[in-house]
Structures are given as C-alpha cells and as structure tokens.
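J.: Protein chains in written order, with my numbering: chain A, 264 to 610; chain B, 11 to 123.
Since the hints were derived computationally from the structure, they do not count as laboratory data. Ideal Cβ placement from N, Cα and C applies to all residues, glycine included. One or more of the hints may lead you astray.
Lysine to any residue pairs mimicking SDA-like chemistry, simulated, CA-CA at most 20 Å apart [said to hold, decoys possible]:
1. B:88 - A:338
2. B:88 - A:540
3. A:576 - A:525
Just so you have them, the derived chain A footprint on chain B, three or more residues with Cβ under 8 Å [as the list claims (entries may be wrong)]:
4. 56-69
5. 79-93
Over the 12 Å line for every Cβ pair with chain A, so calculated as not near, a few chain B residues [what the hints assert, rightly or not]:
6. 12
7. 14
8. 36
9. 48
10. 53
11. 76
12. 105
13. 112
14. 116
15. 120
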Amino acid sequence: MTDPTPSSTLTDRYVWAVLRDVPSGDRPELEREIRALIGDAIEAAAANGTLDAEAAERAALTELGSPGGLASRYTGRRNYVIGPNIYPVWQALLRLLLTILIPLIGVLALAASLIEGSTIGQAIVAGIFGAFQVAVQTLFWFTLVFAIIERVAAPTGPIEFGAAGVVVGRGAGVRPWTVDDLPALPDAGRISLGELVASLAANALVLVALVWFQLTSAIVIDGHATPLFDPALWSFWLPWFIVVTILEIVFTTAVYLRGHWTTAYAIGNALLGAAFAIPAIYLLANDLLFNPALVDAAVTAAGGTGAWLQPTKVIVGVSIAVIVGWDGFDGFRKARRSAAAANGARG
Amino acid sequence: MDFSDILSGGQQELRRGTVVLACLLLLRQPDYGYALLDRLRDLGLSVDANTLYPLLRRLESQGLLTSSWDTEESRPRKFYRTNADGERLAVELLADWERLDAAIRGLSQGDAR
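Same shape as in the complex, but just chain A (with noise of 0.2 Å):
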C-alpha cells in the first residue's frame, strides 16, 4: 500500500494527521479507506498525464482539505467551544459579569494596597493588576463551565449535515426544544438575567473567600500569612465546599438556560444547599471551621477574651441556615408558581 518513493510520505503524513483526531477504535478501518480514497484520487490525476507523481499526490491531497477538517466530518465531533445555541446567553452574562466584576474588584483592590500603606502609583498598578487577574479567571471559569454545559446539555448533531437553520434563543439552549420550554410570562417563576447575576456573584464570592483567604496573605498576624479557615480541611471539606460551590454555578446557568423552576430543579437546589449548609454548621459548631491561630490572635486582640466567640458562631451557623434554607424554600415556590402559570395559560 505504501510505495517506498519519497512522496509517499505525504500521503503517510495525511493519514495520520487525519487518524489523531479520531477515537481509536475507527482508526485501521478508515485508515484503509482513506489510503484507497487518495490511492483513487493520485491515480485519476496521474492518468490525466499532465502531473507528474508528486505533483498528483499533492492534488489529490489539497482536494481532500484540511486532515483536521477532514476528521471533525468523520467523526461528527464539536470543532468549537460554544456553540450558536448557548453563545448569546454566554456573551450576553459574560459581558454583565465583566461590567460588574471589572471596576468592583479595580477598585477593592486599589483601596486594599493603599491600606497597605503603598503609594497612589503603586496603588493604581494594583487596581489594574487586580482588575485584569479577575477578567481573566473570569472569562476562563465562565467559558469553561459553558464549554461543559454545550458538550453535556446542548443539542447538535453532525455539524455539516445538519438542519440549515438553528434555532437560537434563551431556554432552547440545553436540549431539543419544545413548546414546554417557551419562558412564563415575566414575574411567574421565570428566573430573571438579574437572579441569575446575584445568584453567581454570591458563588463566586464563596470561591473567592474560599480560595483567596486561604492561599494568599489576605490576612497577615505579627508579619504571618494566616489562611482564614483551618488549612487542615484541605484533606477534604475545603474541595468539597469549592466543588458544592462550582456545582451550584452549573446548576444556577442550566436553571437559567431552561428559563423557569421545575420541582426537579428545586429538589436538586436545595441538594446543594444542605451539601453546603450541613458540613458548615457542623464544622463551625465543632470549631473545626476556622483557623485556630486566626481565633486565638482576635481573642488576644479582643483583651484576651473569648466570650463574644460563642455568640458569633451562633449568628454565623443561623445565617448559613437561614440563607441556605430561604434558597432552597424559594426554588419550591418559584417551581409552584411557574407550574401555576403555565396551567393558567393552558386555560
């Protein structure tokens, strides 16, 4: 099959630039058709006479384009991150998310360095530094939780055979659409661009106090970096709390691409909520929730008393309850009232 002339391994070459991007299971098979296709198609050329081998073998490659282009047609496989039916809603919120993010965390973190004590320059260099980091990990978290959501939950068959026309909107984005997903009426359970915004700033601010408290000198005692949670529950509650919180983005996006509650997505709402709630009050009732030396530098700042301790973790552990709780309460009336409003339309 494979002629020992130089300009065999052209075709060589093709093949298997073509066969990489393929699962490895089809591989020999289409190996040995593609071979035959450009055996064919070499052969037709040179029997034109007016190319020499090479010449023909180089024809015959060119015709079947790009190897990479040639494997996404075989295999039928996504060549894009995000495709057109999620790509409005992922611009429309990645370009809230920015406008907010942006100036909010410039800002914080210009004030931060001039506590500090820097100087307005070295303050203005941090803002921007600051500003920059967060439209960064922003764009790249967003993206790559609706890189997941396309790959998971969008609808598309082969790319090249497909219908001619896509329909894209807002609650067509995450299976094949039907008249069940046209959004309520507004203010009947519909999840607004506005929730959906608090609902991923809260999360992300979780993260942030989770990861950026912890791994970086946020808080500094007598010339320490000391993380704000207990560095022991990184063996298992600290991921656990990122990946609960990480899940929760998901979720609040597929909730939002959807465009309205069902009672399946407020059962699996307050799933995460109790994921999150129950460790965390059981950590903080145990004191094993905050760094130890953390607690005992604000005793010995407090005048060496710890009797405020108790009563704060009673407001913290009631607050995580009470939000987490109202949360998980509100997907139920939201998903009744949606219900409610789709029977009421039916008639």
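Assemble the complex: chain A is given as a structure, and chain B must be docked to it using the hints.
T.: Showing chain B alone in chain A's frame:
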C-alpha cells in the same frame, strides 16, 4: 454582499439534501468513493470529496448503505451499496422531491401569468 456569493450560498442550501438522495439512487449499483464522486460531478451535482466521503460513512452507520472491500483489483477499494432501508428512504425522498418540484413549478408558472 456580492450577488455571486448570495447565489453560491443559495445553491449550496438547495443542493445539500440532494446529495444524499443522489447517492442512494446511484449506489443501487455498488460503487467506490472516488468513482461515485466522478459520477456525481458528471451529473453536475458537484460535491467536495471531503464532504462526500464522511457522508458515505454516516449513511453506512445509519444502516442505509452496506459496504464491502473489493480486494480483487490492484488496490483494495471499499464499495458501497444502497440496502433495503436505503432504498426505502430513497423512494420516500424521491416522492418528496417530486412534490417539491411540482410545487415550485406551479409557483413559477403562477409568477409568469
């Protein structure tokens, strides 16, 4: 946008589905990829090689074409043939094609009046 661009875009849209139908009809007689490409081009149904070959494979995986390797010749070739399901689809699509043709014909004659 240039008129010729609009034209070629419109032609592409029109032809997209006809390639499937043409393949199913042509492959009532078994044939291999390159020869099929040639026959389609002779018929004026120009289609890119890198569109046709993956299409054949997709039709095969959908159970509309059957393939077999012919190793008699100097070089092995993969022959495709329309099977019973493919034939059924071809008949349905052909009927649809005729309906479309009649409808468009009616429209263009109505236009002339």
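J.: All hints, please: hold or fail.
T.: Hints versus structure:
no. : hint          : in the structure
1   : B:88 - A:338  : holds, 19 Å
2   : B:88 - A:540  : violated, 61 Å
3   : A:576 - A:525 : violated, 35 Å
4   : 56-69         : holds (count 9)
5   : 79-93         : holds (count 5)
6   : 12            : holds, 21 Å
7   : 14            : holds, 20 Å
8   : 36            : holds, 16 Å
9   : 48            : violated, 8 Å
10  : 53            : holds, 17 Å
11  : 76            : holds, 14 Å
12  : 105           : holds, 20 Å
13  : 112           : holds, 22 Å
14  : 116           : holds, 23 Å
15  : 120           : holds, 25 Å
Of the hints listed earlier, those the structure fails to meet are numbers 2, 3, 9, in rising order.
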